[in-house]
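Protein chains: 2
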Amino acid sequence: MGRYELGYPKDATNLVKRHGERGTYALEKIHSLVNSSQLLHVSFNPPNSPFPVILPMIGQMGSFDRPSASLGDPLDLYIHGYVSARLFNAGRAASAGEGEGMPVCVAASHVDGLVLALSAFNHSYNYRSAVLFGHATLVESEDEKMYAMELITDGVVPDRWRNIRLPPTRAEVQSTSILRVRIASGSAKVRDGGVADDRHDVEDEDLRNSVWTGVVPVYSTMGEPIPGPYNRAELPKHAADFFDEFRTGNKEQAIAAANRKD
Amino acid sequence: MGRYELGYPKDATNLVKRHGERGTYALEKIHSLVNSSQLLHVSFNPPNSPFPVILPMIGQMGSFDRPSASLGDPLDLYIHGYVSARLFNAGRAASAGEGEGMPVCVAASHVDGLVLALSAFNHSYNYRSAVLFGHATLVESEDEKMYAMELITDGVVPDRWRNIRLPPTRAEVQSTSILRVRIASGSAKVRDGGVADDRHDVEDEDLRNSVWTGVVPVYSTMGEPIPGPYNRAELPKHAADFFDEFRTGNKEQAIAAANRKD
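Residue numbers (the numbering used here), protein chains in the order written: chain E, 1 to 262; chain R, 1 to 262.
A portion of the hints provided could be inaccurate.
You can't tell identical chains apart in this list, so a pair holds if it fits in one copy or across any two.
[Said to hold, decoys possible] Simulated pairs of lysine to aspartate or glutamate, DMTMM-like, Cα-Cα distance not exceeding 20 Å:
no.	residue 1	residue 2
1	Lys237	Asp206
2	Lys251	Glu224
3	Lys237	Asp154
4	Lys261	Glu224
5	Lys261	Asp198
6	Lys251	Asp143
7	Lys10	Glu172
8	Lys10	Glu21
9	Lys29	Glu5
What the hints contain is simulated information worked out from the structure, not anything from laboratory work.
Generate the whole structure from the sequences, applying the supplied hints.
Structure follows, in structure tokens:
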């Protein structure tokens with residue numbers, strides 16, 4: 001930790017207006033939400049279309065210039081995805097031009113629970129969501145591409161990179177496209193805690209006796225690993241540990257969110 | 001089921017280009033992916049911003065004009081969310097204008113597993129993702145708003161609506177904003193099955209002996225419901241059944257995806 005916590009400046013783009021008390025602008029919080037998301041949603045405007053497009057993609061925050069940077073430091077977002085032809089074409093066009101790159105929005109969201117109330121109106125979710133805005137360009141340098149491929153692979157399973165076949169072949173590196181997003185702005189929003197109903201509903205004994213109220217924790221988990229047909233290896237400890245941590249960490253997070261008091 | 005399966009026409013907006021064999025355009029498949037997603041990601045272009053914006057929101061497909069419509073029929077998407085001031089303002093402006101509404105993209109994505117290969121390049125995810133494009137306008141009619149509130153509440157927990165305090169107060173209805181998206185186009189993409197590496201890697205005995213390959217199922221689940229401080233009711237059977245179904249259904253889906261053969 002540094003001496004102070006960096007935050008993205010609030011402006012018209014990233015300001016959390018509704019329930020502003022749930023908003024946060026701290027880089028560390030936002031970046032860690034992004035890095036713990038298996039899937040990111042990336043939006044951009046393709047040329048000649050009236051609609052923005054959202055693609056589900058895989059990505060991680062990092063710094064090629066300063067790989068030892070921590071999550072609370074200014075970082076770039078590196079993204080990769082199979083569903084990406086249009087995005088990468090648009091990114092390539094933006095890279096070739098004079099501009100800063102293609103404007104994108106990236107969202108990382110976790111559902112932590114269903115909040116079930118007496119009235120429909122007071123139903124809610126516990127959730128954590130982060131959004132980043134920035135300019136995307138294609139990574140051209142092979143060194144930076146390798147850095148990003150390692151970062152993203154280790155984002156799937158920590159330490160996976162140095163436990164697989166290395167180095168990637170030249171053909172593999174050339175046919176992998178990586179986008180780097182220079183972050184312009186971002187924010188996160190968190191809802192946690194229990195259920196809250198209006199007083200006139202809570203004072204209605206019949207209603208309280210008939211409608212169940214509370215929180216149902218929701219979280220992502222992992223099943224038993226299923227070895228492939230040509231597997232001959234034991235599941236390594238670093239991977240088994242990560243799967244366990246994923247299971248218990250997400251569950252504990254959802255239960256802690258449900259029990260949080262203001 | 002009708003006599004034939006309806007599909008969204010392929011065009012430049014919705015065409016699945018990369019791995020086209022994984023694409024599908026069937027309304028039933030796309031709509032059921034949307035309705036089984038606890039969170040949707042909605043993208044739109046706010047006025048005076050260079051960036052598209054993504055908001056995580058709650059929504060369900062339905063038809064106010066023909067409530068008995070099935071998932072494979074043409075449907076509208078009704079969305080609701082607390083994080084919505086800018087989206088609703090933009091939607092209100094679009095509704096007031098002459099146009100068809102605000103162009104939006106909506107994504108619904110499920111991760112089903114990590115596919116761990118010998119090479120970084122052949123790593124993948126099992127996933128199901130749907131994307132819809134359409135024009136959003138604010139729902140003005142109170143009847144349609146009530147229809148959508150019921151639809152969305154029952155999307156959180158089936159049958160929840162008729163088990164809570166009814167009707168909503170006038171103030172609740174007035175302060176709830178619902179957007180209706182008229183769908184213009186959509187597609188879905190599914191990756192399932194096991195791991196597949198290049199032959200030269202598979203033929204490398206040392207590599208196969210040292211790198212674990214296979215699929216790790218990933219799915220969303222629910223913990224034990226946590227009653228709130230003023231709860232006096234038993235958890236109703238329809239809710240308990242749904243939580244069980246959510247737990248086992250998602251788990252079975254992830255395992256089936258891992259074991260699927262071409």
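Going through the hints against the structure:
no., hint, in the structure
1, Lys237 x Asp206, "between (54 Å within a copy, 19 Å between copies)"
2, Lys251 x Glu224, "both (16 Å within a copy, 10 Å between copies)"
3, Lys237 x Asp154, "within (15 Å within a copy, 43 Å between copies)"
4, Lys261 x Glu224, "between (35 Å within a copy, 19 Å between copies)"
5, Lys261 x Asp198, "within (18 Å within a copy, 52 Å between copies)"
6, Lys251 x Asp143, "neither (38 Å within a copy, 39 Å between copies)"
7, Lys10 x Glu172, "neither (41 Å within a copy, 31 Å between copies)"
8, Lys10 x Glu21, "within (14 Å within a copy, 44 Å between copies)"
9, Lys29 x Glu5, "within (10 Å within a copy, 45 Å between copies)"
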